[in-house]
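Q: Quick note on our numbering: the sequence shown kicks off at 1 and runs consecutively.
No wet-lab data here; the hints were simulated from the structure. Treat the hints with caution; some may be incorrect.
Claimed, not checked - In silico lysine-lysine, BS3-like type, Cα no more than 27 Å apart, as pairs:
#1 Lys-345 / Lys-17
#2 Lys-222 / Lys-188
#3 Lys-189 / Lys-26
#4 Lys-198 / Lys-145
#5 Lys-45 / Lys-7
#6 Lys-10 / Lys-262
#7 Lys-188 / Lys-45
Said to hold, decoys possible - Distance windows between CB atoms, simulated:
#8 Gly-197 / Asp-231: 36 to 46 Å
#9 Leu-266 / Asp-18: 38 to 48 Å
#10 Glu-329 / Ala-374: 14 to 24 Å
#11 Thr-104 / Gly-193: 33 to 43 Å
#12 Gly-340 / Arg-22: 26 to 36 Å
#13 Thr-104 / Ala-289: 12 to 22 Å
#14 Met-203 / Met-11: 28 to 38 Å
#15 Asn-263 / Arg-381: 45 to 55 Å
#16 Leu-266 / Tyr-214: 50 to 60 Å
#17 Asp-134 / Asp-231: 29 to 39 Å
#18 Tyr-214 / Ala-286: 19 to 29 Å
#19 Val-361 / Asp-287: 38 to 48 Å
#20 Leu-377 / Gly-174: 17 to 27 Å
#21 Arg-381 / Asp-280: 19 to 29 Å
From the three backbone atoms N, C-alpha and C, an ideal C-beta is built for every residue, glycine too.
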Amino acid sequence: MDFSLTKEQKMLLDSLKDMGKRENFKELAVQIDATGEFPHHLTGKYAEMGLLGMTLSPEYGGGGEPSITAILAIEELAKHSPMIAAPVFESNVGPVRVIDMFGTEQQKKSIIPGVCEGNHSVSVCMTEPEAGSDLTSLETFAEDKGDHYILNGRKCFITGGGFASHYLVYTRFGEIKGYKGIGGIILKKGMPGFTFGKQEEFMGLRGMPSCDLYFDNVKVPKEDVVIQPGDFGNLMLTFDIERCGNAAMCLGTAGGALEAAKNYALQRKAFGRPICEFQDIQFTVADMAMKLDAARLLVYRAATGAGQGLPSVYEASMAKCYANEMVREVTDKAMLVFGGYGYSKDFPVERMLRDARAWGVAGGTLQMLRITMASMLFGRRFDQRK
């Protein structure tokens, strides 16, 4: 398996490194965490660089690049902050890929060009108060009224809630039980009956919009259905692309923590010499690098196997699960290298450690990912209701 970067991918990473210095992403990450303000000003700049929608279909304004190119970009930007990488994440590995792969011609024409230009964004709406890991227990309900549906229900912890222009809502159609009754509908912000709750305040990922969504007799034209009931598998297959993006965020955060720990160990002195000369620090940093590289290989394998299509569920689940655990361990070790300063907001690892905790909750819990992998290893489905 060849993970060698193309000339174009190397140039992309060099341009992102230059942008990080030019735009002072290090200081911007501190500001975002302090104020909780999302860096919307970056969206236009990313659009000019062709970073938005680089994996989407060229006929609708996308770049037609393989998934691994977006993963590389997300990882590089997330070394500074997941918020700085978020526009690239959402426009390449987020729910817009569902529209690109399974949407109607009209849906693609009306949404994808705007995403690539930075004028539109699409948020995925899955989780409900009583349906997270058990996604087939969704209670959001679309009632057939002939030429349209009436949507009622509630979603929670929706990333981009209140700020995104479009929302891909996982909903149940009619009285069909289980996964066979679930499909996907596109809603536009501002539709009558579609409202938002208060913005959440989380331990980490400060600046990331997130809130509850409420649907009160929302009239949805039938042409706004992206995934028909019975095609639930297509929703979950494309979600594995998003899981690769989640894992790339972990790679970036861990990579930033590793760089910070290395630089600090070269400068900080104890007993008259740099602490990098102490074996315990050497072992700690080496362990951090090993964990990061192992996770990187798993993520790149899943993303490379996906190409411009869909990743293996097994490979995506393993990559996300390992990367989610790796980033917690690496950021924790970075804090230990910093000693007392690692607990201070004057240094970046305190923020990185808080951000690291989020990824194992979002996009599928570690427990559910392990169940998925076990199902494939044993060749049988494990029903959690039994």
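Q: Does each hint fit the structure? Answer for all of them.
A: Evaluated hints:
For the hint pairing Lys-345 with Lys-17, the CA-to-CA distance comes to about 24 Å; that is within 27 Å, so the pair holds. Simply put, Lys-222 and Lys-188 have alpha-carbon atoms about 14 Å apart, close enough for the 27 Å limit, and the pair holds. Straight-line distance between C-alpha atoms of Lys-189 and Lys-26 comes to about 33 Å, which puts the hinted pair past the 27 Å bound. Only pairs whose Cα atoms come within 27 Å are accepted, and Lys-198 paired with Lys-145 is rejected, the gap being roughly 31 Å.
With a C-alpha separation of about 22 Å, the suggested pair Lys-45 and Lys-7 falls inside the 27 Å cut-off, and the hint holds. Simply put, Lys-10 and Lys-262 have alpha-carbon atoms about 23 Å apart, close enough for the 27 Å limit, and the pair holds. For the proposed pair Lys-188 and Lys-45, the alpha carbon gap of about 24 Å is at most 27 Å, so the pair holds. Against the hinted window of 36 to 46 Å, the Cβ-Cβ separation of Gly-197 and Asp-231 comes to about 29 Å, which falls outside the hint.
A hinted range of 38 to 48 Å for the beta carbons of Leu-266 and Asp-18 is inconsistent with their spacing of about 23 Å. Separation of Glu-329 from Ala-374 is about 22 Å and conforms to the stated range, judged on CB atoms against 14 to 24 Å. Checked against the hint of 33 to 43 Å, the C-beta distance between Thr-104 and Gly-193 comes to roughly 23 Å, which is inconsistent with it. Distance hint check: the CB atoms of Gly-340 and Arg-22 are about 33 Å apart, consistent with the given range 26 to 36 Å.
Thr-104 and Ala-289 have their C-beta atoms about 47 Å apart, which leaves the hinted 12 to 22 Å range violated. For the pair Met-203 and Met-11, the supplied restraint of 28 to 38 Å holds, since their beta-carbon distance comes to about 37 Å. Between Asn-263 and Arg-381 the CB atoms are about 48 Å apart, so this pair conforms to the stated range of 45 to 55 Å. The supplied range of 50 to 60 Å is met by Leu-266 and Tyr-214, whose beta-carbon atoms lie about 52 Å from each other.
At roughly 20 Å, the beta carbons of Asp-134 and Asp-231 sit outside the given window of 29 to 39 Å. Between Tyr-214 and Ala-286 the Cβ separation comes to about 50 Å, which falls outside the hinted range of 19 to 29 Å. The hinted range of 38 to 48 Å is not satisfied by Val-361 and Asp-287, whose Cβ atoms lie roughly 24 Å apart. Separated by about 35 Å at the C-beta atoms, Leu-377 and Gly-174 break the suggested range of 17 to 27 Å.
Separation of Arg-381 from Asp-280 is about 46 Å and departs from the stated range, judged on CB atoms against 19 to 29 Å.
Violation of the numbered hints given earlier is confined to hints 3, 4, 8, 9, 11, 13, 17, 18, 19, 20 and 21; the remaining hints are satisfied by the structure.
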